[in-house]
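Novice: Sequence:
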Amino acid sequence: MEIPLWQRLFAPLVYLLPWSDAIPFGLGLDGVFNQVPLLRLLIVPAIPFMQLQRVPAGGLLLFFVLFLAVVRNPNVPYFLRFNTLQALLTDIVLIVLSLAFRILLQPVAGGSLLMGTLSSTIVIAVLAILVFALVECLRGREPDLPGISQAVRMQLY
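Following this note's numbering, the numbering of the sequence shown begins with 1 at its first residue and continues without gaps.
Just so you know, these hints were derived from the structure itself, not from any lab. No residue lacks a Cβ here, since even glycine has one placed at the ideal position from N, Cα and C. Hints may be right or wrong, so weigh each one.
Said to hold, decoys possible - Okay, the calculated beta carbon distance ranges per label pair:
1) Leu60 x Val36: 29 to 37 Å
2) Glu2 x Gln150: 22 to 30 Å
3) Phe67 x Ile103: 23 to 31 Å
Whenever a hint applies, use it, and build me the whole structure from the sequences.
Specialist: The following block contains the structure:
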């Protein structure tokens, strides 16, 4: 089945949510955005999501709106529901990683080479997911992320 162009263009936009949560990992003193300043241009598309998350409970509200209005709405096309849920699950993984960094690693290894390396790895991994999802969505195919896509399909069927 051919995916309409409007769905191909809107589906990648939800992947800006996990990207906006990955950006703080790369903004430290030894973060990837300071090491490669040209990458700062990639922050610009995520600014609206980052501003919304500054509002108290804004990120939680956005999560519930996307989950209830898009993922659980059978009137929304499957392609958009699939990509939205996959982006939400990726975002949940990033939130858990962020909490783990703050609670476990920051007190022990704050500012160390280990923290810089792990933070940069997370940013690069989410950037790779974003680019992969963008290309696959524009081609009209579901981005198949190992582990996450299987969980999404189980939830949507």
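Novice: So, for every hint listed, does it hold in this structure?
Specialist: Right, here's what the structure says about each hint:
The supplied range of 29 to 37 Å is met by leucine 60 and valine 36, whose beta-carbon atoms lie about 32 Å from each other. At about 24 Å, the CB distance of glutamate 2 to glutamine 150 agrees with the hint of 22 to 30 Å. For the pair phenylalanine 67 and isoleucine 103, the supplied restraint of 23 to 31 Å holds, since their beta-carbon distance comes to about 25 Å.
Figure legend: structure checked against the earlier numbered hints; every hint is met.
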